[in-house]
Amino acid sequence: MSKLPEMISKHQEAIRADWLKQMSGAVRRADLMSNEEIDSQSRELLTTIASGAKSGGITNLDGPAWTPAREALAAISASRAKQGFTTSETAIFVLSLKQPLFAMVRKELAASPDAVFDEIWKATLLLDNLALITADAFQTTREKFIARQQEELMELSTPVVKLWDGILALPIIGTLDSARTQVVMESLLQAVVQTNSRFAIIDITGVPTVDTLVAQHLLKTITAARLMGAECIISGVRPQIAQTIVHLGIDLANVITKAKLADAFALALQRTGKTVVAMDSGNAKKTLFKKEE
Amino acid sequence: MKSVKQETVLLTTSGDVVVARQKVRQWAMEMKFTLVDQTKLVTAASELARNALDHGKGGQMVIEHVENSIRNGLKLVFEDRGPGIPDIEAALRDGFTTAGGMGLGLGGSKRLVNDFQIESEPGKGTRITVVRWK
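Sequence order for the protein chains is A and B. Residue 305, in this note's numbering, is where the first sequence stops; the numbers in between run on with no holes. Residue 137, in this note's numbering, is where the second sequence stops; the numbers in between run on with no holes.
Treat each hint with caution, since some may be false.
Simulated pairs of lysine-lysine, DSBU-like, Cα-Cα distance not exceeding 35 Å [claimed, not checked]:
id: 1; chain 1: B; residue 1: K8; chain 2: A; residue 2: K232
id: 2; chain 1: B; residue 1: K60; chain 2: A; residue 2: K156
id: 3; chain 1: B; residue 1: K60; chain 2: A; residue 2: K232
id: 4; chain 1: B; residue 1: K35; chain 2: A; residue 2: K94
id: 5; chain 1: B; residue 1: K78; chain 2: A; residue 2: K270
id: 6; chain 1: B; residue 1: K78; chain 2: A; residue 2: K232
id: 7; chain 1: A; residue 1: K272; chain 2: B; residue 2: K60
id: 8; chain 1: A; residue 1: K22; chain 2: A; residue 2: K66
id: 9; chain 1: A; residue 1: K156; chain 2: B; residue 2: K78
id: 10; chain 1: A; residue 1: K272; chain 2: B; residue 2: K113
id: 11; chain 1: B; residue 1: K78; chain 2: A; residue 2: K272
id: 12; chain 1: A; residue 1: K270; chain 2: B; residue 2: K137
Facing chain B, from chain A, some residues (calculated, C-beta under 8 Å) [unchecked claim]:
id: 13; residue: E198
id: 14; residue: L225
id: 15; residue: H229
Simulated from the structure, these hints should not be mistaken for lab results. For each residue, glycine too, the CB sits at the ideal point set by N, CA and C.
Given these sequences and hints, build the entire structure.
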């Protein structure tokens, strides 16, 4: 039976004081974290470790007795992940508990070197496990963060805007992969129904590369919109993209394409029987569209 | 053909196709290709990288700055260890597809570059080498 749990409970405050003293500047990161915060974190963690060790043993940390300690570690690493600590800085916070713990074991069991070695080995295993839990939790927090950003980016990057009654615009920015196409298609078709639009302008100025996959996705979107009674116009075709499409052999003959969004808008207005006139035009009607730079 | 420098990009996920595109664009810009040539190279790289991934179950792209006695070029080598292409002539024909695409990737890439070479052995994999000269 290990004496470690008993020793940790008994000398908790002494270990903690030693631990805080040992913490080097790198672990403490005074720029990211106040002393009070680190003080309360270390107290909470050590208390949960002491109680976990007392009731749940120190070899297996999966049991319910260790749940508070696991949760405390997860909370600490989650807050550190957000504050901008690195993985190693977070793991070292836990690992730096080794020295004070070993010192305590040596002092307590000074009489029998065998027992000292035995307890130190157990303490090492315990702290390694705790550090692994910390690293895992840190990783999980980061991954969740990235996944959330990806979702946000997906939604942000596919806005459908109404330019005029019956005319929608869909500026696409970035890579058009299968997942993005699905979102684009869904939001476009939804908007076509909601706004009762007859024209949808898909602007590809922000798409860096138009290869066969992108072209195929565009054509599918256009066909779907056409089935719903909306005509699509592709705008933002740059000279280099036009040449590449020709060399690739992609057939866009059945699709109306324009170099600029303004041209596409003008065409859509014209097709819906509208025109834009200057206010002081008098008899001579003059369109307001100015060429973009 | 003399090699000036080279770099390898692994192709294992669809995210790597984006990395491959960005690398090719960056190299083409550094070598001062015109915007049209940059776009052609990037598009060809995108097609061939996706082929290596979808048909070849992943592989790698080696990007290389080469020069002969009179001019500079960007050479891209795509290698995979997939099932290989049984009929190269058919695969190059426009509209031929086995994966539900447009069937223009291979033939289209050939038209986007100057030199185009396919080596494929059924069961062993495929290696496609393309060069665009300045």
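Hints versus structure:
Annotation: proposed proximity of B:K8 to A:K232 is violated, straight-line Cα distance about 41 Å (limit 35 Å). For a cut-off of 35 Å, the pair hint linking B:K60 to A:K156 stands: about 28 Å separates their Cα positions. Proximity of B:K60 to A:K232 is assessed by CA-CA distance (about 26 Å); at most 35 Å being required, the pair is judged to hold. In summary, the hint linking B:K35 to A:K94 is not supported, as the alpha carbons are separated by about 41 Å, beyond the 35 Å threshold.
Between B:K78 and A:K270 the CA atoms are separated by roughly 33 Å; this keeps the pair inside 35 Å, and the hint holds. For the proposed pair B:K78 and A:K232, the alpha carbon gap of about 33 Å is at most 35 Å, so the pair holds. Straight-line distance between C-alpha atoms of A:K272 and B:K60 comes to about 39 Å, which puts the hinted pair past the 35 Å bound. Taking the CA atoms of A:K22 and A:K66, the gap is near 11 Å; set against the 35 Å cutoff, the hint holds.
For the proposed pair A:K156 and B:K78, the alpha carbon gap of about 39 Å is over 35 Å, so the pair is violated. Taking the CA atoms of A:K272 and B:K113, the gap is near 29 Å; set against the 35 Å cutoff, the hint holds. Straight-line distance between C-alpha atoms of B:K78 and A:K272 comes to about 34 Å, which keeps the hinted pair within the 35 Å bound. The straight-line distance between the Cα atoms of A:K270 and B:K137 is roughly 30 Å, inside the 35 Å bound, and the hint therefore holds.
Interface hint at A:E198: violated, since its Cβ lies 20 Å from the closest Cβ of chain B, which is beyond the 8 Å cut-off. For the restraint placing A:L225 at the interface with chain B, the shortest Cβ-Cβ distance is roughly 6 Å, inside the 8 Å limit, so the hint holds. Against a cut-off of 8 Å between C-beta atoms, the interface hint on A:H229 is violated, since the closest Cβ of chain B lies about 10 Å away.
Against the hints set out earlier in the document, violations occur for numbers 1, 4, 7, 9, 13 and 15.
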